[in-house]
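These protein sequence lines map, in sequence, to chains P and V.
Each residue of the first sequence is one higher than the one before, counting from 1 in the numbering used here.
Each residue of the second sequence is one higher than the one before, counting from 1 in the numbering used here.
These are computed hints drawn from the structure, not numbers from a lab.
Warning: the hint list may mix true and false statements.
What follows is a list of derived Cβ distance ranges for each label pair [unchecked claim]: (1) P:Arg187 - V:Gln270: 54 to 62 Å; (2) V:Val154 - P:Met131: 33 to 41 Å; (3) V:Ile69 - P:Lys223: 37 to 45 Å; (4) V:Gly179 - P:Pro3: 45 to 53 Å.
Derived DSBU-like pairs: lysine-lysine, alpha-carbon spacing no greater than 35 Å straight-line [unchecked claim]: (5) P:Lys223 - P:Lys132; (6) V:Lys75 - P:Lys160; (7) P:Lys8 - V:Lys217; (8) V:Lys70 - V:Lys217; (9) P:Lys10 - V:Lys217; (10) P:Lys132 - V:Lys296; (11) P:Lys54 - P:Lys227; (12) V:Lys70 - P:Lys132; (13) V:Lys75 - P:Lys132; (14) P:Lys38 - P:Lys223; (15) V:Lys75 - V:Lys217; (16) V:Lys296 - P:Lys223; (17) V:Lys70 - P:Lys227; (18) V:Lys296 - P:Lys227.
Note that CB positions come from ideal geometry on N, CA and C, so glycine has one too.
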Amino acid sequence: MNPVLFRKFKNHLMTFLMVAATAAVLVPLGMIFFHIVKMGISSVNLGFFTEIPKPPGEAGGGMANGLAGSFVMILMASLIGIPIGIFGAIYLTEYGGSKMSTTVRFAADVLSGTPSIITGLVAYSLLVVPMKGFSALAGSVALALIIVPIVLRTTEEQLKMVPGSLREASLALGVPFWRTSLKVTLRSAMSGVTTGVLLAIARVAGETAPLLFTALGNQFWNKDVTKPMAALPLQIFNFAISPYDDWHRLAWAGALVLVTIMFTLSLTARYFGRGRQRV
Amino acid sequence: MPPANASTMTAPHPETTVQASTKPKPIAQEKKLSGDLIFRWVTTIFAMSILAILALMLTEMALQSIPAIKQFGLKFVTASEWDAVNGNFGALPYLYGSVVSSVLALALATPLSIGAALFITEICPRGWGSMIAPLVELLAAIPSVIYGLWGVLVMAPWLQSTVEPFLIDHFGALPFFQGAPYGVSMLAAVFILMIMVVPIITSITKEVLMAVPQSQKEAAIALGATRWEMIRIAILPYGRSGILGAAILGLGRAVGETMAVTMVIGNAPQISLSLLSPAYTMPSVIANEFAEASSKLHSAALMEIGLILLLVTLIINAMARLLIWSVSRGSSGGRI
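Based on the sequences and whatever the hints tell you, model everything.
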């Protein structure tokens, strides 16, 4: 074959392969969406948000206890994890530059790459064993371990972008350093920090593995955080591997609700992030 | 009136009161200093707590797995018997399952991801790229339990009815495709892991490719290269270590992936060459057995599997970070 033609042919072949690869990436993901919406939409009704699961064989039922449990545990995990992440990030940017801050940064990176089931194991041995029972509190701690590194790294990135002149202006007006950090530096990075926080919450909202042997799950309502508590992802897992069609339907509905919540959080986070870039 | 005096000291205009008396100055300074000191201590403690968490993780898991380490020693990773009733624990089937499923998934996912990243950065119209890229990133955020739900209720039945019979009919002579089509199998785990790591590798590879200097590409085009030749000569060598880093990060994710794999792999602790037979992975066995561990030794053995998993992912992630870090550093130097 003519060498020029061959090169052109190779070019077209490779272009085709790249298009095919993109299609191969997007098709399964499109199918997942299609199935979640198709199977989930018929079971998402008022009952899903107000009722607790029914025994197999009975139609209907909902995941109200799982939704509430997830909400409670995410709230507690945020209360534990977000301050550690934000104050840690302030340390890194305002007092950093030493060996210590490099180590902290590396530890956070390592922590964020740890499989989530490991955080469950750690929370188990720290809280479940001494408290002699599974509890929502242990689940929250496991989730907080996932929140910390995400919030820390995104907050640090945002704080670094705050111009030094802003800090200096505040200090020159006689504002103490700590007030400058909180009221000027952190505040002007707030929208970016919010993005990081929302992304972290979106991430833990779908985590199942850390809750398996910490919060354990619960078929019924429970308001006591020292007792096992239901969570939406746990319920999806348990119902998906059950052999009952009614429970499968509930699992699909739960998946649709969970994906909707997560995408709302991600899009809100993106919205805040965009505002930050324009400033 | 000393109390009134004291209140003016902390007023926002110290210079007006400084003239009135000399005493307020050191007091005010002391107060400022102590606020800063407290702030410094608080942030340091929070930053330290991250190190403490990591140290706590490692020591706690090591302590908890001591009974198993003492009992089995090195045999833990070479024996393949897992018998909770008689207290005999060997983790080889789980190691094998983890290695095979994640390596195969990565082998399938990496070329696809590179192709997709090249398509987004080099081939498709600009508008498309800015639509596909956020979509891919959004997909990386889907929880694994949802991939698992889809895998066990949609993909596994499809594999059982269509793909696996096809493989048995046409490639049944190979040791990899022997046995009955179960649906839930090593093959299903490989596929679901591939689908899950592709968005991660694609979005990092895309970042790496976008860091290739424009002049480099233009030089290749100016020399008469076709688009593919430009990609091969100018882009891929430049991004090589970054792409490798992305793939290793994907590997770390695949090794630690728990829920989706647990739901589709079949959970049978056996070592079989056939991809159609059920298998088991390290995170899966922890997920399935830990809450109901029958004895102290059983939970210690599961803890030890967790410890191995933690160490493996630590090494994988450190490698990936170093590679990506070296590239993004080089690229920012190139852009300036």
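- Query: If you check each hint against the structure, which ones fail?
  - Reply: 6, 8, 15
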